[in-house]
Amino acid sequence: MECRQSQIVSGADMIATGAIYAGVRFYAGYPITPASTIYTAMMSDLPKLGGIAIGAPDEISALCYCVGASLRGMKAMTATSGPGFTLMVETIGYALMTETPVVIALAQRLGPSTGAATQSAQGDILLAEYCISGGYPLPVICPTRPSDAYEAVIRAVNIAETLRTPVVLLTEKELTMTWETVDLARLPYLEVKDRPMFRRDEPYLTYGFKQPADPPLFAPVGGPFKVTITGSAHNREGELIKDGPDAVAMLGHLDVKIRRHMPEITWVKYDPQAGSETLVISYGVTDRAARAAVQTARIQGLAVSHLTIYSLFPVPESILMSSISGIKRVIIPEENISGLYRSVLLPHLNAEEVIGINKVASLITPDEILAGILKKPCKD
Amino acid sequence: MIASALPVEGATQAPLNKMAIGDYLDENKEAPYCKGCGHIHIDKSLARALDLLSMDPGKVAVVSDIGCMGLVDSMLKTHTVHTTHGRSPAFAAGIELADALYGDSALKTIVMIGDGGATIGLLHLVELARMNPDVTVLIHNNFLYGMTGGQHSGFTPVNFITSTTLGGNIIPPIDICGMLATCNAGFLARVLATDHNLPEVIAQSISYPGFALVEILELCTGYGTRFNPQIQNKIKADLKQQGRRLGILSQDQDKKEFAISYKEKSHPADRADQRPEEGIPRLFAHQLTAPLRLIMGGTAGEGVQSAAHLFTVAAVLSGLFTAQKNDNPVTVGTGFSTSELIFSPDEILFNGISMPDAVLITSGSGLKRLEGMLVRMNPEGLAVVEADLTIPQVPGRVLRPSFRGLIPDPKNVNLAAVAAYLKHHPFLPIDALKEAIRRRGKGVEEALDAVERGYQAI
Ligand code: SF4
Numbered sequence: 001m002e003c004r005q006s007q008i009v010s011g012a013d014m015i016a017t018g019a020i021y022a023g024v025r026f027y028a029g030y031p032i033t034p035a036s037t038i039y040t041a042m043m044s045d046l047p048k049l050g051g052i053a054i055g056a057p058d059e060i061s062a063l064c065y066c067v068g069a070s071l072r073g074m075k076a077m078t079a080t081s082g083p084g085f086t087l088m089v090e091t092i093g094y095a096l097m098t099e100t101p102v103v104i105a106l107a108q109r110l111g112p113s114t115g116a117a118t119q120s121a122q123g124d125i126l127l128a129e130y131c132i133s134g135g136y137p138l139p140v141i142c143p144t145r146p147s148d149a150y151e152a153v154i155r156a157v158n159i160a161e162t163l164r165t166p167v168v169l170l171t172e173k174e175l176t177m178t179w180e181t182v183d184l185a186r187l188p189y190l191e192v193k194d195r196p197m198f199r200r201d202e203p204y205l206t207y208g209f210k211q212p213a214d215p216p217l218f219a220p221v222g223g224p225f226k227v228t229i230t231g232s233a234h235n236r237e238g239e240l241i242k243d244g245p246d247a248v249a250m251l252g253h254l255d256v257k258i259r260r261h262m263p264e265i266t267w268v269k270y271d272p273q274a275g276s277e278t279l280v281i282s283y284g285v286t287d288r289a290a291r292a293a294v295q296t297a298r299i300q301g302l303a304v305s306h307l308t309i310y311s312l313f314p315v316p317e318s319i320l321m322s323s324i325s326g327i328k329r330v331i332i333p334e335e336n337i338s339g340l341y342r343s344v345l346l347p348h349l350n351a352e353e354v355i356g357i358n359k360v361a362s363l364i365t366p367d368e369i370l371a372g373i374l375k376k377p378c379k380d
Numbered sequence: 001m002i003a004s005a006l007p008v009e010g011a012t013q014a015p016l017n018k019m020a021i022g023d024y025l026d027e028n029k030e031a032p033y034c035k036g037c038g039h040i041h042i043d044k045s046l047a048r049a050l051d052l053l054s055m056d057p058g059k060v061a062v063v064s065d066i067g068c069m070g071l072v073d074s075m076l077k078t079h080t081v082h083t084t085h086g087r088s089p090a091f092a093a094g095i096e097l098a099d100a101l102y103g104d105s106a107l108k109t110i111v112m113i114g115d116g117g118a119t120i121g122l123l124h125l126v127e128l129a130r131m132n133p134d135v136t137v138l139i140h141n142n143f144l145y146g147m148t149g150g151q152h153s154g155f156t157p158v159n160f161i162t163s164t165t166l167g168g169n170i171i172p173p174i175d176i177c178g179m180l181a182t183c184n185a186g187f188l189a190r191v192l193a194t195d196h197n198l199p200e201v202i203a204q205s206i207s208y209p210g211f212a213l214v215e216i217l218e219l220c221t222g223y224g225t226r227f228n229p230q231i232q233n234k235i236k237a238d239l240k241q242q243g244r245r246l247g248i249l250s251q252d253q254d255k256k257e258f259a260i261s262y263k264e265k266s267h268p269a270d271r272a273d274q275r276p277e278e279g280i281p282r283l284f285a286h287q288l289t290a291p292l293r294l295i296m297g298g299t300a301g302e303g304v305q306s307a308a309h310l311f312t313v314a315a316v317l318s319g320l321f322t323a324q325k326n327d328n329p330v331t332v333g334t335g336f337s338t339s340e341l342i343f344s345p346d347e348i349l350f351n352g353i354s355m356p357d358a359v360l361i362t363s364g365s366g367l368k369r370l371e372g373m374l375v376r377m378n379p380e381g382l383a384v385v386e387a388d389l390t391i392p393q394v395p396g397r398v399l400r401p402s403f404r405g406l407i408p409d410p411k412n413v414n415l416a417a418v419a420a421y422l423k424h425h426p427f428l429p430i431d432a433l434k435e436a437i438r439r440r441g442k443g444v445e446e447a448l449d450a451v452e453r454g455y456q457a458i
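Taken in sequence, the protein lines are chains D and W. Everything in the first sequence is counted per our numbering, starting at 1 for the first residue and increasing by one. Everything in the second sequence is counted per our numbering, starting at 1 for the first residue and increasing by one.
By construction, these hints were calculated from the structure, which means they are not laboratory data.
Listed next, with one range per pair, are the computed distances between beta-carbon atoms:
id	chain 1	residue 1	chain 2	residue 2	range
1	W	149	D	244	19 to 27 Å
2	W	376	D	346	31 to 39 Å
3	D	295	W	104	53 to 61 Å
Chain W side only, calculated, beta carbon under 8 Å to chain D, not exhaustive:
id	residue
4	81
5	82
6	83
7	87
8	92
9	97
10	103
11	124
12	127
13	312
14	316
15	321
16	327
17	351
Stretches of chain W that chain D covers, calculated by requiring three or more beta carbons in the stretch to come under 8 Å of a beta carbon on chain D:
id	segment
18	70-79
19	278-286
These numbers were taken from a predicted model, which means no experiment stands behind them. The beta carbon of each residue, even a glycine, is placed where N, CA and C say it ideally should be.
Build out the structure end to end from the sequences listed, making use of the hints.
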């Protein structure tokens, strides 16, 4: 393959580049390996574009600054790792409840707790999705390599803005801290989308959605329309109410606003092979090994299908359903102890066998996945 | 930011003007507080202050915290942002920075927070004082958490009875003004909610172009006065005993607002400028038909990772795809330093290394770290290991040049090792490495010299 505009870049570089392309002009950060390189990239690149990049005294402040800036009308983002993400959870819930667009890049490292800062892992996937008190959907987008990290962050920002929601860009040390050759000329073109703005003269309701699945039109704090933001249960006016039909309608809206926009969120790469009874489902760094394993298996004459999921949450159910037809065995490699995403996918996988390939503290290799593909199916 | 003239402290003793404050506070709405609660004085005084300054309610954002005082947003006609507990100053900072640096800088951001919020969010107050953004903070200090049933906070006085300090509080309270005075706060005031000049003090704090904080002492009739019947008469005496003055404590006109300092300092020469837009051209040819996985290690500070980077640039100049992962101990300046490198004629899928095709080791700490890799290297591969080191049985071919003594600057030892490797496995031309060094543009002569010496070493 001929490269036209090769650069040696880290995944962090590509995240910063993509975020800036997507219109992010506010970044607040707190250092934590392996997300610090995103922080330093934004601190160096944003100011010269007239943007704002600042350090915060902790991760809580970092995300609060971002949400404040977003309420004033800026596209905002921060990045952290597992320990910092847990501190941000309160504010992620606030952003979700107040329908404030913001992107949180979560660069995973080995947990629990401080774990190992420079050891890759895929152990925070459920922490990311299920961190919302009350149980509301949070879009989670997960790139596999530097070149698609660029696309992933643009998609994440677009989703955050158009649906007025926090979005987690789930990545890991292997992506942020690996420098690779990327042909910048081959990066995909993506349309940059903005939040739906209120412009009319009719009275403005801060949370005035028309249909339950509609994101309400946005007006910035400090703009021409009075804005009433609240993280408490509220009606369309932003007034505190804790029960009754208006409160229930609002909570239902927060749920369907995400679930009914699956076409805008869903992002997968489906690589089927005719007659295959085995399907490999992978995401994140493990997808790279999975792809190599599938390639080798095919060279050896085995029919294997492969599904890469980038939009991990909400789970792309319809694509799973179509890709599972005729499949007897599903193989899901993940760098975590128990198969976290497998446990989520299981109810959607109507196959005879669902096999997890799991490992922590080192990369899952193509050979390990290949061994899973080559294993004779269970007969019991 | 706010151009209005400063009101004179204590000039207005007249009762609050309902017509005027009605532009800011909806007085038709019933105040959501217990009878006698101090919060309503503060709300009305804020409205009066905004009126004194003739501020457009559309250009004011009140960021309220959790607690009874946070219910104020239901009455306000300004923009309101009701936040999470203790975080209101941090949200306010985000709003203010976006407004000052990206918007029209016409918005005034005011935080309404209780003593509980100021306890849990103490770091945010410290940080805002240090940063000095144009944010005004009004602390409603009634010495306890009212909304949750009268528990003690970080601001509860000693001996004060709350639902969680039944025998009287034993931990001395935070002196927020005293504390923030040591954290660069420009405007600090301590007043009683019942003071007649409260609107004027608030107006002054709003007019202050930077971080301004007013600690307003008040009583919770729901719990505070019930548990501590005599407290009303004791507040002033207690303050005096603690040496805490009332009134405007400091008003420093020389402090620079954060947004102004940011604009002055935020345009350094940066990393992006060092990244050429046009990419790394393909000037050389390579000999690889399959990926080559190489790992190199040495002592931190001796340029392992930068030599590895130059190696990848040389590879891209030769039309290869590359991946580089670095590793070092928790502190970067001591012990080992390693880089894993993959060179491939095609896009790299799996970028880990289980069995290296090449191992380069230039020091004892590098060997210690990579010994495991060395003994399981590809038997068809090639290792380069500094001659001084004692090594175990290695499956592949090993070259043992002596770089130490040969290369004047230890920083270039690892480049020499790369050159020695390329001489014996020329999958890309040594000229590509030299070109990579020239493109880096610093320390070129010494680096080229090291490459030459490494190339000739064995
Ligand atoms: S509980 Fe205390 S603080 Fe809350 S409204 Fe009643 S008097 Fe005021």
